[in-house]
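Counting in this note's numbering, the sequence shown runs from 289 upward without gaps.
No lab work stands behind these hints: they were computed from the structure.
One or more hints might be untrue.
[Said to hold, decoys possible] Below, simulated SDA-like cross-link-like pairs (lysine to any residue); rule was C-alpha separation at most 25 Å, straight line: (1) K601 - E538; (2) K294 - Q366; (3) K610 - E543; (4) K440 - N540.
Owing to the predicted nature of the structure, the values given are computational and were not obtained by experimental measurement.
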Amino acid sequence: MIEVAKKALLENNKERFKKAIELCSKNQINEVDEQGNTLLHLAVQQGSLSFVKNLLAKGVDISLPNKKGNSALHLAVQQGYFNIVYEMLEISQAAKDRKRKAKWTDKDRSDKLTILKNSESKALALLNVPNNEGEIPLIIAAKLKDDLIYKKLLLLESAPGYTKSHIDKALSLRQKHIGNLKNKSFWSAVLETFCPSASIAELTESFAYTGLLAGASAAVGLGLNIAFAVISILGFSAIMYANYKKNQSEKNAAEELEELQAEQAFLHSIRKRITHLSSQQSLTAEDQKELTSMKKELTKSIQKPILVKGNEKNAADYVTRKDKILAALSSVGSFLCTYSGLLGITGLGLGIAATIMGTSLSALIVATGPIGVSAALGVGLILAGALAFYHYQTRKQSYMVFGEQRASIYKLQYTIYKEQQDLIHGSDKVLTHIDKLLQEPSAKSKESKIEKPAPEKNTSESVLDKYNHGHKPGEICSIEIKQLSSNGFMKNTQNLTNRIATVDEHIEPPKTANII
């Protein structure tokens, strides 16, 4: 029957799969193939949420690893299937609905809920279980380009608590990804300048001043006026510079957010990690290093975050003067590019017309008169001004992302500050527990150095062994000499060895009591 279920899974036949697993026993549904994969592993590889739900409801063991050490949860994170990850951890919308319906009385859902609750507990425990490459799901998620799963796992309230080393490794992977994006900021700015987005309005705007720049360059190519091209290039460069600075600022803010989120996750894990470490019989060097990191994090000075303006209420209030200057600079560039381009194209048109009419360009301009020239300049000015104004409004909206990022940064900083203060001043005395755990290894080592007293022998053995020092009767050993000297019976023991025979002659045999 398991083969029927596997075939239905590979063929994406949901009805046949559901019927097949209903007929499978608990042992059958957890059978593995030559790679160590269960049906749940295969369902995750297929990316089918419905098959995963059916298997979880049936009670499949989510904790079983394949030959690479990957559980089904590890695979789901690896593939980036956030909906499957959320379902396994019981944080999906469907899981929330199930918990809400648990209180309903229309039918008994206790068995299914018990099975899913057990599966959730195993899934949460897997968050700290590494695969054969030593990677827990958090580190696997940090490698993905999309940070959705990573952030959810990092800040998951029900997570068992990540170690500092795991959080640091995940953060380094995320920062490496952001660093690569920062290195590409220049080319991103060039691309954004030519094609800001897929928006029809912005494409029109982009092609407008790009086309005008090309027109001005063409006019220069015909020897009309190099000034138009120079101004157009300057305007185009201003737009590109503003885009470059915007991209850099976005990446810097994203990097700061990543660091703050990692710090928040570490603080959130401290209580859980202390509980875990307290249950250990002995602490490893890595455990002591982690405790030291906890103490350092709690004892470092974190100032209460202060608002820049003091009255920020929404994201728009977090937009700074520098952001507005960059938006204005981009708009000025748009105006220069558009106006000079229009004049360049106008000059190009006049040059072509003069050639057709067999006259010179200067003669044609003079013939046009002041009114014609003013009209051309005025129309170009109006068109360039309108496009620059539209450009400014568009850029002002796009720069709102800075305000949103700064608002998020401030909220995170304040959350971290409160979390640290709660850990320091809380009734559970976290710092005291950390100090106690750090001192326990040394206390244990001191105890091990104290020699235990030898067990007392019974009375008969102690009496017999009192004078039994391993020599024949009638002889005096060094132990007895030392005892006699310490008791004052011998003041001079230097020549004692030469007088042993004499001493032996004076020793009386022990007297025995006569028993009548």
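Cross-check of the supplied hints:
1. Only pairs whose Cα atoms come within 25 Å are accepted, and K601 paired with E538 is accepted, the gap being roughly 21 Å.
2. Annotation: proposed proximity of K294 to Q366 holds, straight-line Cα distance about 22 Å (limit 25 Å).
3. Pair hint K610 plus E543 holds up; C-alpha atoms about 20 Å apart against a cutoff of 25 Å.
4. With a CA separation close to 21 Å, the supplied pair K440 and N540 stays within the 25 Å bound.
Every hint, counting from the list given before, is met by this structure.
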